[in-house]
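Participant: Assemble the complex: chain W is given as a structure, and chain Y must be docked to it using the hints.
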Amino acid sequence: MESSYWRVTQKLPKMAEPDEKSPLVARRRNSSEDDEELTGCGASAACDPRRTLHRFLVLWLICFLSFGSYFCYDNPAALQSQIKRDMHVNTGSFMTLYAWYSWPNVVLCFFGGFLLDRVFGIRLGTIIFSLFVLAGQCVFAVGAQLNLFWLMEAGRFVFGIGGESLAVAQNTYAVTWFRGKELNMVFGLQLSFSRVGSTVNMNVMSPVYQWISGYVGEGYLTLGYALWVGAGTCVLSLLCGLLLGYYDKRAARILKRDAGKTGEVIRITDVKDFPATFWLITVICVAYYVAVFPFIGLGLVFFEEKFDLDPTSANAVNSLVYIISAGASPVLGFLVDRTGKNVFWVILAILVTLACHMMLAFTFWNPYIAMSIMGVSYSLLACALWPIVAFIIPENQLGTAYGFMQSIQNLGLAVISIVAGSIVDQKGYLLLEVFFLAWLCLALIAGVVLYLVDAVRGGALNMSTWERDAQEEAEEKAKAEQDERVRFKPRSAFALRNRFYSRIGAKLPDHFDIHTSSFFRRGVTQ
Amino acid sequence: MAASRQARGVYECWPMFSLALFVFISLVVGNETFSRQVSMHYNPGCNITECQSFPPSNNNDTHNNLVHVLARGHRDSLHYVWSTIGAPTVLVVHTTSKDSELRVDWERLLRATNRSISGAITFEPSNAVDFSMAVIFNKIWEYEDLHDKSELPEDDAEMFEPYDLAKMRWDDFNMTMNATGLTGNFTGATTQQDMESLFQNGSISFKIHAFKTDDRSTDLPHLQYTSNQTQFDFTIDSVEPRGNMSRYAMEVMLITEDKRGTHVDLKKLQSIDDEYTPGVFELFELTTTHGAQTDSYVQWKPVCYTKHTRSMAVATPAKTHKLKEPDTASIPGDTIARAYFTNLDRLQRKALNVSFGLTGDGTYVASNFTSWTGDPRGHHHVWRGVHLLQAEGRRKGREGNEGRVYQGKRK
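Sequence lines, in order, name chains W and Y.
If you're matching positions, the first sequence starts at 1 in UniProt numbering and goes up one per residue.
If you're matching positions, the second sequence starts at 1 in UniProt numbering and goes up one per residue.
None of these hints come from the bench; they were simulated from the model.
Positions of the beta carbon are idealized from the N, C-alpha and C atoms, including for glycine.
One should not assume that every hint holds.
Taking lysine-lysine pairs in the DSS-like style, the calculated list, with each CA pair at most 25 Å apart, reads [to be verified]:
no., chain 1, residue 1, chain 2, residue 2
1, W, Lys427, Y, Lys268
2, Y, Lys324, Y, Lys167
3, W, Lys477, W, Lys256
4, W, Lys479, W, Lys181
5, W, Lys181, W, Lys249
6, Y, Lys319, W, Lys427
Covered, in the sense of this in silico footprint (three residues per stretch, anywhere, with C-beta under 8 Å from a C-beta of chain W), are these stretches of chain Y [what the hints assert, rightly or not]:
no., region
7, 270-279
8, 310-316
Chain W with its partners taken away, still in its complex shape (with noise of 0.2 Å):
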């Protein structure tokens, strides 16, 4: 009999486990055993996931990810009088190619947020929506080398469904890569690269139209040219969706990310079921939202008319706020991120807007400082406000819940922009304040209900980082005193008797396996 022990015993490989001589206490935390071994390049700090420095390449292909999108979208911009002359249309057909992708973005990037929830996936989503950007611009391109302005304007519509959702899939590799981490701070460089992709476009495309209408002469076929440039940004933003879907895979492998997964599906009907947090966060999305954009859509005048500005300062003033958020709103995400407190920086950004808002009503001061600083908490703003989202809404509908967030923000703005512009034509620019400030009072209602809804809940979205780390440490402390309490449970009837009957060389029964009672032992299986 006891040499069915030992031929029990002598089955086992060299694994730690089998017996009594090992530490009932698991050393589980910091233990690489169940880890993949790296090797090579994966090994360094640059590849492998578990290093910032490899977080921190990711972030490149994260940011790099929407460029070609953002890109694109100014393309018709860029290109204004050079489209309208080559292809024979007034301004108002002209801005139907703006029309075709913000009016279906109302709807699309919802499902767009929700498919890939339920159906793509982050990876394969990005990839879908990657390529469609790239088919949008390349439709677009072929439509203006054909001649064919109905074809353009197909192909905005088809770079629509893709560019925002694009945004989305964004916004939710950035919270996959950086939840808890510096995700403020990636937010806000996520939109100094949606500006920097503006930029880059407004000063680039015009000058390539010349240069090729250096070979071509001017019309359409050259603006077709053109814009087969722009296809090529979207081709950049679709390898790094590639990549950044091999990464996300390697990474979810070696660091286990989906073994906390619950399997659960998202249903549509779950946006119902989103806490009230995420209602007065879309509220405060929309309302602040439609008191900026809108308002800079209508500024250039205002600047001109009510402070005596030439054209060009008026337009210099007018775009400062994308200027500073460019610059501005990676240190201000790096800030929130040091000091946690979003609501507060939320509430913050809304009381200094609305300053700024008021000196451009009430007042005559030079409008670089109201508009300086607006930019500034515009800055602060989003990359305080954006990621809230992630701490109160699971990862597996986060996708959902910034398409929601984007498609009610979409509508916003597309709404509150023609009611704007009716506004100013009917009552001018000091309404039209009013108008706003009324906006922003909303906005800022909205942002103390959310403080005391929060607060009345424990407080958790405006924790300082300290208190969000004190928590954390809190609580991963108590889930291993937790576990070692699970690890000192007593053994069972079952395995006491088992251990009795090996000792006294009894045989075990049939169905008993020691390389089972090892797992029972560790609560595996439990």
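Facilitator: Chain Y in isolation, oriented as in the chain W frame:
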């Protein structure tokens, strides 16, 4: 965030160039808040052939239009005499008598030679005249704005030959006059050599409007009016521009008796409130102070419109240039101001230019594109719609009563 791009609209340049100029000539008389009895008369008391309404033996003859707008109060009366006999001119006279009358010596006014028209227009009783001034619309400048800077050239030689408004053929005002609505149009075309063809389909017109009540006009720029005032719209319609990048400007001259304590100032009033004229935050006033009691002013908003249907979308700025002091000789030889003011050397004279359009409004470039692609009519419409509004009569402290906020920044 992604949605931010939504708002990055494309700045739209309007294919038409637009100009609007709003001018008030105002008289501040006492503090009464009553409405005056306002009436409008065409060529009052004229029975000579030259001023009959329907004698145009020859269609190319100009009509001798003289319109008298009389606003009687309880203790005083205001006379506005608009005329296109000579350069378009409005004579503003305030009398301390409520029964004062306009007297026109038509024979002298229309038949006198050698500019001896002096004294052809008088007011009875003459000792009741408290104050008088005249506003003369002298010239329309046209210049090539090659660099799209909307700056009026310093040197007149850099501009095209100006349209001399004294050398115009004017249509019959009586045909358009509405004596109950107190409106009417002076419409004319130039008779200057080599320039007539530019007016083939075009015209220059002044629409005048007097009021019985106090309110705001229903048209943009919604200037406020009272029964003390008359307003005018100045329009250049479909006049062919002589340059590819033509811009226009108008010279306005103000003359008034040089009495003790009389001074003329150009003021720019700024307000944060553009409710009535969206996008316009300024109001210009050419104010004449006549002692303690009376002020008069010409007031305008620096905006003009490129289409007959006015809206903010077709608005473009009008730029007001520095006030100058022209010499006596620059007063047009032909104007009813010479028929009223007998001693031209004892007058204060001020003149200023108002130019239409703003740097980079791109209108010209835009319309050039369209004309290159085969729309020869493009040019015809470029300058349609220059409006000038004028009103008269104002009381002191008016802005304060309206509760409008005026910033103290003044030129």
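Participant: Which constraints among the numbered hints does this structure fail? Numbers only, ascending.
Facilitator: none
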